[in-house]
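Q: Each protein sequence line maps, in turn, to chains A and B. Just so you know, the working numbering puts 209 at position 72 of the first sequence, and the rest follows in order with no gaps. Just so you know, the working numbering puts 160 at position 54 of the second sequence, and the rest follows in order with no gaps.
Heads up, a few of these hints could be off.
[Stated by the list, open to error] Lysine to any residue pairs mimicking SDA-like chemistry, simulated, CA-CA at most 25 Å apart:
#: 1; chain 1: A; residue 1: 154; chain 2: A; residue 2: 195
#: 2; chain 1: B; residue 1: 224; chain 2: A; residue 2: 191
#: 3; chain 1: B; residue 1: 217; chain 2: A; residue 2: 139
#: 4; chain 1: B; residue 1: 224; chain 2: B; residue 2: 126
#: 5; chain 1: A; residue 1: 215; chain 2: B; residue 2: 156
#: 6; chain 1: A; residue 1: 207; chain 2: B; residue 2: 219
#: 7; chain 1: A; residue 1: 154; chain 2: A; residue 2: 186
#: 8; chain 1: B; residue 1: 115; chain 2: A; residue 2: 229
#: 9; chain 1: B; residue 1: 217; chain 2: A; residue 2: 159
#: 10; chain 1: B; residue 1: 224; chain 2: A; residue 2: 219
#: 11; chain 1: B; residue 1: 224; chain 2: A; residue 2: 224
#: 12; chain 1: B; residue 1: 217; chain 2: A; residue 2: 150
#: 13; chain 1: B; residue 1: 163; chain 2: A; residue 2: 206
#: 14; chain 1: A; residue 1: 192; chain 2: B; residue 2: 232
#: 15; chain 1: B; residue 1: 126; chain 2: B; residue 2: 173
#: 16; chain 1: A; residue 1: 139; chain 2: A; residue 2: 150
#: 17; chain 1: B; residue 1: 217; chain 2: A; residue 2: 169
#: 18; chain 1: A; residue 1: 154; chain 2: B; residue 2: 173
#: 19; chain 1: A; residue 1: 154; chain 2: B; residue 2: 227
For the record, the hints were derived by calculation from the structure and aren't laboratory data. Computed from a predicted structure; not experimentally measured.
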Amino acid sequence: MKVRIIAFASFREILGKEVEVDLTAGKTLRDLLGQLEEGHPRLHEEVYLPSGDLKETTIIMLNRVNIDSKGGLDATLKEGDELAIFPPFAGG
Amino acid sequence: MMIHIGPEKIRLDEMISRSKRPDVGAIVTFLGCVRDDGIEGMEVESYEEMAQDELSKIEREALSRFDIRSVDIVHRVGRLSIGDDIVAIVCAASHRKAAFDGCSFVIDELKLRSAIWKKELLKDGGRWIP
Numbered sequence: 138m139k140v141r142i143i144a145f146a147s148f149r150e151i152l153g154k155e156v157e158v159d160l161t162a163g164k165t166l167r168d169l170l171g172q173l174e175e176g177h178p179r180l181h182e183e184v185y186l187p188s189g190d191l192k193e194t195t196i197i198m199l200n201r202v203n204i205d206s207k208g209g210l211d212a213t214l215k216e217g218d219e220l221a222i223f224p225p226f227a228g229g
Numbered sequence: 107m108m109i110h111i112g113p114e115k116i117r118l119d120e121m122i123s124r125s126k127r128p129d130v131g132a133i134v135t136f137l138g139c140v141r142d143d144g145i146e147g148m149e150v151e152s153y154e155e156m157a158q159d160e161l162s163k164i165e166r167e168a169l170s171r172f173d174i175r176s177v178d179i180v181h182r183v184g185r186l187s188i189g190d191d192i193v194a195i196v197c198a199a200s201h202r203k204a205a206f207d208g209c210s211f212v213i214d215e216l217k218l219r220s221a222i223w224k225k226e227l228l229k230d231g232g233r234w235i236p
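With the hints as constraints, model all of the structure from the sequences given.
A: Encoded structure:
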């Protein structure tokens, strides 16, 4: 199944603006990030604390909804999902 | 009413003109610009669909919370130089208090809730503003 990832700010500088990843069915968000890290080794340090928890400065939206309300990194992905990853907002 | 995110220069005079109508007696504007904090310039980026949706929500909230007639919001993206405008908010009301309160509410909420990021450009690289 294909999942689209769009990245902004510091995450765009690591991943590029948009990436499409081909995953086997039933994979979670954590699996997807792991797969992305293979081609983008700087991603791990940007996303995770040394403890393995997500940094507070990592915001991930799955289909425009924050993953905090969708099971976090254990959320199961499906074909056509769109993931957005970015740091806290700083406009104005 | 207008919400716009784009690279174009901000035309504050046009925004003010558009806000004028017979029942408007006070127009408060906020204009944010690039400050020289020892930087070379600034890069502004947005998740445009998400930011547009949130700015529309903020506009609706401002219209329901304050006795205002209109709110216009323009936010620039792209590479900006020292002194360039970044964001403009124009809030029109019959009386000044509501216009001040509405404008203040909109810029505070925009900073918290809109999917926009700024990077300070330095001589030796850059730094995303946290």
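Q: Flag every earlier hint the structure violates by its number, smallest first.
A: 3, 4, 9, 17 and 18
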